[in-house]
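Undergrad: When the letters of the sequence shown are read in order and numbered with the numbering used here, they come out as residues 1 to 363.
In case anyone wonders, no lab produced these hints; they're calculated from the structure.
Don't take each hint at face value.
Mimicking DMTMM-like on lysine to aspartate or glutamate, the simulated pairs with C-alpha atoms at most 20 angstroms apart in a straight line are [said to hold, decoys possible]: (1) K30 to E340; (2) K141 to D28; (3) K217 to E198; (4) K30 to E275; (5) K141 to E275; (6) K141 to E277; (7) K141 to E198; (8) K157 to E275; (9) K220 to E198.
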Amino acid sequence: MDATTNTSEQKVALTKPAQRRIHAQIPDDKAMLRAAAELTRDINTARPDIYWPDMIGSALVGYAAMTGAILVENTWVAIGLAVVSVLALYRALLFIHEISHLHRTALPGFRTAWNLLVGIPMLTPSLMYESVHTLHHARTKYGTAEDPEYMPLALMKPWSLPLFVAVAALAPIALIVRWGILAPIGLIVPAVRRLTWERFSSLSINPSFRRRPPEDKERKWFLFQQVGASIWAIFLMTTPFWLGWRPLLIALAITAAVAVFNQLRTLVAHLWENEGEAMTVTAQYLDSVNVPRFAAGIWAPVGLRYHALHHLIPSMPYHSLHEAHRRIHAHLGETSTFAEASHPGMLPLVGRIARSTMGRRDG
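Model the full assembly from the supplied sequences, consistent with the hints where possible.
TA: So this is what it looks like as structure tokens:
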């Protein structure tokens, strides 16, 4: 009788989905927070000898490969060059994340150079992240309705995941419309200008997020970027009339692939399990993801494979995150809270989130 009962209970336990951790109820691990601060003080300075060559080299390789993809006749060579362009421009574009965290006095000229070389040409100037991304790191805003970069994807319906990734393919067209059409109209129609700023001027995934007006100290800097992006978008819209459609279509395809690649990375940057409550720093860390494997640097470059560690130490420059992770992990060990945020790769993470949504398909 007891054996039968035990066997039945074991079968139920095996088929029952694991209970989701309530991140909002996780207290801070003070030992981990202290170790993270104390063990990394000497590597917390951005190095210009790494930032500048990495950013410029990635951009130049990306543009050169894109030009080759446009000009060559051989289809397979063009595809190969397009892949190189996607990976290089993807890396160059992700420096926008570093810019949002850099202190104003760090790396003089880097923000302006990046905008001229990458942000404006790709219609993603740094204003779309500056003063927005920092809200995602705010102690009382992460994972709440006020977080521009958070959606409880693991708690949504199954169709939300493919839609979340697929919609990114429309980003290049949306950016041309935003900068080449809506921005000029906004110059003479205040309602359009206000709508465009609130809804279409930030790299946010939270549909309820509304951006506040810029502060006075940001206005001139943001105006420079807006004018540059608008001029470039209007220029791109004229190219089919004197260059034909091939250059623009190939450029759009490459930038669409960059956007989709980034959206896939975003999908596995967090576990997306919070239902809107404020969370401790430790809870934010555990709801975020580290993938320490070297290969993860291909799909999560510029330090973003250590996204959980980045939430623990947001000011840490990307080139120091690997060493910071090594030091903290060695100090705290495999059974620590710190080790819990490490995951094996993109596919297991996608599978985890997908399984969570499947459990809510009838909800």
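Undergrad: Take the hints in turn and mark each one as holding or not.
TA: Hints versus structure:
1. K30 to E340: Given that 20 angstroms is the threshold and the Cα spacing comes to 15 angstroms, the pair holds.
2. K141 to D28: holds, 16 angstroms
3. K217 to E198: holds, 18 angstroms
4. K30 to E275: violated, 24 angstroms
5. K141 to E275: holds, 12 angstroms
6. K141 to E277: holds, 9 angstroms
7. K141 to E198: holds, 18 angstroms
8. K157 to E275: It holds: about 14 angstroms lies between the C-alpha atoms, which stays within 20 angstroms.
9. K220 to E198: holds, 18 angstroms
Going down the numbered hints, you'll see the structure goes against just number 4.
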